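**Student:** Construct the complete structure from the given sequences, taking the supplied hints into account.
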Amino acid sequence: MSASLAREMLRHRIDRRGPAGRRALNERIPWPDVVAPPPPKRPMDWERLQLVEKIVDEIVAEHHPHLARAKIVVLGKPKASKRGGKMNVAKASKAAAALNALVKDEIGEVHYQIAIGLDGLDKLSPKQRRIVLDHELMHFAGQDEAGKWVLVGHDVEAFTAEIRRHGAWTLELEIFCREAQQLALPLSA
Numbered sequence: 378m379s380a381s382l383a384r385e386m387l388r389h390r391i392d393r394r395g396p397a398g399r400r401a402l403n404e405r406i407p408w409p410d411v412v413a414p415p416p417p418k419r420p421m422d423w424e425r426l427q428l429v430e431k432i433v434d435e436i437v438a439e440h441h442p443h444l445a446r447a448k449i450v451v452l453g454k455p456k457a458s459k460r461g462g463k464m465n466v467a468k469a470s471k472a473a474a475a476l477n478a479l480v481k482d483e484i485g486e487v488h489y490q491i492a493i494g495l496d497g498l499d500k501l502s503p504k505q506r507r508i509v510l511d512h513e514l515m516h517f518a519g520q521d522e523a524g525k526w527v528l529v530g531h532d533v534e535a536f537t538a539e540i541r542r543h544g545a546w547t548l549e550l551e552i553f554c555r556e557a558q559q560l561a562l563p564l565s566a
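Just add 377 to the spot in the sequence shown (first one is 1) and you have the working numbering.
Keep in mind that the hints were calculated from the coordinates and are not lab data.
Just so we're clear, the structure is a prediction, and the values are computed from it rather than from any experiment.
Backbone N, C-alpha and C define an ideal beta-carbon position, used for all residues, glycine too.
Be a bit skeptical, because a hint or two may be false.
The calculated DSSO-like cross-link candidates involving lysine-lysine, where the alpha carbons are at most 27 Å apart (straight line), are [said to hold, decoys possible]:
1) Lys471 <-> Lys481
2) Lys500 <-> Lys463
3) Lys463 <-> Lys504
4) Lys454 <-> Lys481
5) Lys454 <-> Lys468
6) Lys459 <-> Lys504
7) Lys500 <-> Lys471
8) Lys525 <-> Lys481
9) Lys431 <-> Lys500
10) Lys456 <-> Lys468
11) Lys481 <-> Lys431
12) Lys481 <-> Lys468
13) Lys431 <-> Lys471
14) Lys468 <-> Lys504
15) Lys468 <-> Lys431
16) Lys471 <-> Lys459
17) Lys431 <-> Lys456
18) Lys431 <-> Lys504
19) Lys448 <-> Lys481
20) Lys500 <-> Lys454
21) Lys525 <-> Lys471
22) Lys504 <-> Lys456
23) Lys454 <-> Lys471
24) Lys500 <-> Lys468
25) Lys525 <-> Lys448
Simulated DEER-style distance windows between Cβ atoms [to be verified]:
26) Pro414 <-> Leu560: 48 to 58 Å
27) Phe536 <-> Met515: 18 to 28 Å
28) Pro414 <-> Leu528: 36 to 46 Å
29) Glu424 <-> Met515: 19 to 29 Å
30) Gly524 <-> Pro503: 27 to 37 Å
31) Ser502 <-> Arg460: 18 to 28 Å
**Tutor:** Printed below as a string of structure tokens:
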């Protein structure tokens with residue numbers, strides 16, 4: 378605050394000009410904008426999706442026998458996360474210790490969890506939902522030799538432009554492209 382502004386404020390306070398003087402003072406003194414605090418964030422309303430867990434059990438029985446002994450919990454959250462500007466409907470992970478602490482007495486030890494954004498799930502057809510769940514289950518490798526539950530990444534990490542420019546330049550891309558060429562791929566699921 379400048380010295381002249383401080384003197385001006387002090388002079389007006391001493392003058393005791395009454396309401397009209399205070400109003401004039403408020404109009405002349407540049408008060409900083411008052412920024413209201415942001416509204417409190419709504420707590421995330423997570424819920425266990427037991428009906429979706431039944432679909433997961435069906436997919437495990439059909440395509441993932443290595444997960445037959447795994448306890449997999451599906452959790453719904455209000456909004457899907459975004460990555461690179463794209464909606465990521467679901468995310469597979471090993472079960473968090475906090476989750477196990479909450480549910481161990483009720484359902485036993487949980488090995489894996491799938492978190493699903495309910496807003497994204499609502500936009501999918503039943504077939505697309507099964508595909509998303511199957512995709513997430515592919516991240517679950519089952520138990521290793523030491524008995525630990527393990528995750529795996531994607532078979533292929535590539536950009537479309539990379540494949541256009543350089544072709545299938547790695548063994549993983551070559552296998553992926555060969556498999557894709559053998560399939561009759563529909564444009565929409």
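**Student:** Would you mind confirming whether the straight-line C-alpha gap from Lys525 to Lys481 stays at or under 27 Å?
**Tutor:** holds, 17 Å
**Student:** Lys468 and Lys504: Cα distance at most 27 Å?
**Tutor:** holds, 18 Å
**Student:** For the pair supplied as a hint, Lys459 and Lys504, is the alpha-carbon distance within the 27 Å limit?
**Tutor:** Holds - the C-alpha atoms of Lys504 and Lys459 are around 22 Å apart, at most 27 Å.
**Student:** Just to be careful, I want the Cα atoms of Lys525 and Lys448 compared with a cutoff of 27 Å; is the pair within it?
**Tutor:** With a Cα-Cα distance of about 13 Å, the restraint between Lys525 and Lys448 holds, given a limit of 27 Å.
**Student:** CA of Lys454 to CA of Lys471, is that 27 Å or under?
**Tutor:** Distance ~17 Å between Lys454 and Lys471 Cα, so the pair holds.
**Student:** I want to verify a distance hint. Is the separation of the beta carbons of Pro414 and Leu560 within 48 to 58 Å?
**Tutor:** Between Pro414 and Leu560, where Cβ atoms are some 54 Å apart, the hint holds.
**Student:** Hey, Lys431 versus Lys456, does the alpha-carbon distance stay inside 27 Å?
**Tutor:** Distance of about 22 Å is within 27 Å: holds.
**Student:** Check whether the Cα positions of Lys448 and Lys481 lie no farther apart than 27 Å.
**Tutor:** With a Cα-Cα distance of about 11 Å, the restraint between Lys448 and Lys481 holds, given a limit of 27 Å.
**Student:** Compare the distance between the alpha carbons of Lys481 and Lys468 with 27 Å, and conclude whether the hinted pair is satisfied.
**Tutor:** Within the cut-off at roughly 21 Å; holds.
**Student:** With respect to the beta-carbon atoms only, verify the hint that Glu424 and Met515 lie 19 to 29 Å apart.
**Tutor:** holds, 24 Å
**Student:** Honestly, do Ser502 and Arg460 meet the 18 to 28 Å range at C-beta?
**Tutor:** holds, 22 Å
**Student:** Taking only the CA atoms, is the gap from Lys468 to Lys431 under or equal to 27 Å?
**Tutor:** Answer holds: Lys468 to Lys431 is near 18 Å, not above 27 Å.
In this structure, every one of the numbered hints holds.
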